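J.: Just so you know, the sequences run in chain order A and B.
So for the first sequence, the numbering used here puts the first residue at 1; every next one is plus one.
So for the second sequence, the numbering used here puts the first residue at 1; every next one is plus one.
Derived from the structure by calculation, the hints contain no laboratory data.
Please note: incorrect hints may appear among the correct ones.
[Stated by the list, open to error] With a straight-line cut-off of 16 angstroms between C-alpha atoms, the simulated EDC-like cross-links for lysine to aspartate or glutamate are: (1) 121/A <-> 105/B; (2) 142/A <-> 261/B; (3) 125/B <-> 180/A; (4) 121/A <-> 107/B; (5) 247/B <-> 261/B; (6) 142/A <-> 97/B; (7) 125/B <-> 179/A; (8) 125/B <-> 173/A; (9) 125/B <-> 183/A.
Computed from a predicted structure; not experimentally measured.
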Amino acid sequence: MSGPTSIIEVEDALARAPKFTVDAILDSTAEALGNEKKLAEGTNIMITATITRKGQSSGVVKVGDFSVGDLYAFAEGPAVNLGKEISRLIDTIELKLLRENEPIARELLNVQFWTDVLMLKGFFGIGAVHDEFVSVMLTIAKTESALPCDANKMDALLKALAPLANTFVYTDDLIDEMEDVLEEAGFDLNAPLAINGNIK
Amino acid sequence: MIDGYFLDSTAAIKFSFGCVADRTVVGSKLSKTRVIISAYVLFEIARGYTRNLILLHNKCAQLGNFSELMKYARVVRLKSHFQGTILGAMERYFEGEGAALGLSDKERLIHFRAFARRLIRRGWKTLRRIADLQVNRVGCREGFEDPTVNLDGLFVQELALELCGIHSKCGLKAYAVAHRADLERLRQKLKRIPDPDEETNKRIRSLRDLYGLPIKNFPAGVCYSCGDAVIAHECPSDSTILTNNRKHFDPISSVFGKAVEYFEV
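Starting from the given sequences, assemble the full structure and let the hints guide the process.
T.: Encoded structure:
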């Protein structure tokens, strides 16, 4: 299959591009825009692509017009997906783990649960506070996956995660509340320091 | 009878920044009595511990992966105990138990940065709340701010270290001069220790800079070298010093007649 041979064809291809292609372009633009902290409301952004073909002059094609709000919304995509993932984890705890009385079945669910938690590493990079959340979850996943399922701890985890499922705006206060609940329940958020971690 | 534990830096750090096992050991003692900390210990932790942690956290923003951070830490020669505890522990974690996390070198950096971020925020907050009573007989500079995050996502904590050792700005000189006899006795005792370690040798040299001429400034490093001596001396006479640094506190506390309790972690 040959590629487009004219600017018009490129524009046409972009207009018909699969959604993820357009999303990727928009996400990159939104990420670049993230550093512009004060764009006035109503600002419109035209996204263009510069096409340079071997031995020929460059041509510019229009990808589309978007509002600042559109781009921020696109940028929030991963945070929204993280919220959905947290909701899924909550459901697993609430509807499966805490309701399962048969020990082996519960352990099997526990193995799957902490394996799913490890997948949260895919959400690294959203922002500093989100990273802190993911880091905490990975830390406890590592420790807890070596232990049998502890219903009290899972109950605490449920309480800790609940406020995070319905928002993608993470603040230090919000994450502190979560960490307080986890520490209170006995999760070791500083577990890596327990490895030969003497101070003096 | 103990009328309160007076925390040295090791006890305060273990309780505020340590893992659950460390916090349990120290916490089990602190729950029994009142807890006292000095402005001097808080400043020492800010200068010698949190500042290193802040540097590592902020450096992560400029680097692409965790192994680069390890190389950097070796080049800048962070305090050996610090490198061993925080970075070393994290490296061992990633290579050992944490290998199961399946993190790439880049993800390890983000994980570490986020880990450091929480440690700075929550560790410092715990440290500020740890004591029932804060004393400052030494006259160490107080009122420095908690670590905060700037618009670039970097931690800042202004300590005005350039004022350390300036006799008109820092109370340590006046304190040392006022207690010259005690510090002289300590210096003589330390000189009699056979085969002293490097830290003790530094302390022997630095003590004289402290209690020497009243209006003479001293290098800021003198304060660091004399830390354990200052902490032991400042401990109220009816309190007990809580530390895990037996090697250095044993000779110092015996000179000053202070009670010490050691915890093991």
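J.: Is the straight-line distance between the alpha-carbon of residue 125/B and that of residue 183/A 16 angstroms or less?
T.: holds (14 angstroms)
J.: Measure nothing beyond the straight line between the CA atoms of residue 142/A and residue 97/B; if it is 16 angstroms or shorter, mark the hint as holding.
T.: holds (8 angstroms)
J.: CA of residue 142/A to CA of residue 261/B, is that 16 angstroms or under?
T.: The hint is violated at about 34 angstroms.
J.: With a cut-off of 16 angstroms on the C-alpha distance, tell me whether residue 247/B and residue 261/B pass.
T.: holds (12 angstroms)
J.: Is the Cα-Cα distance between residue 125/B and residue 180/A 16 angstroms or less?
T.: Roughly 12 angstroms between the alpha carbons, so the hint for residue 125/B and residue 180/A holds.
J.: Given the hint that residue 125/B pairs with residue 179/A, test it: the Cα-Cα distance must not exceed 16 angstroms.
T.: It holds: about 13 angstroms lies between the C-alpha atoms, which stays within 16 angstroms.
J.: Take a quick look at whether residue 121/A and residue 105/B sit within 16 angstroms of each other, Cα to Cα.
T.: holds (13 angstroms)
J.: Run the distance test for residue 121/A versus residue 107/B: straight-line Cα separation, threshold 16 angstroms.
T.: holds (8 angstroms)
J.: Between residue 125/B and residue 173/A, is the straight-line Cα distance small enough, at 16 angstroms or below?
T.: holds (12 angstroms)
In the structure shown, a violation is registered for the earlier hint numbered 2 alone.
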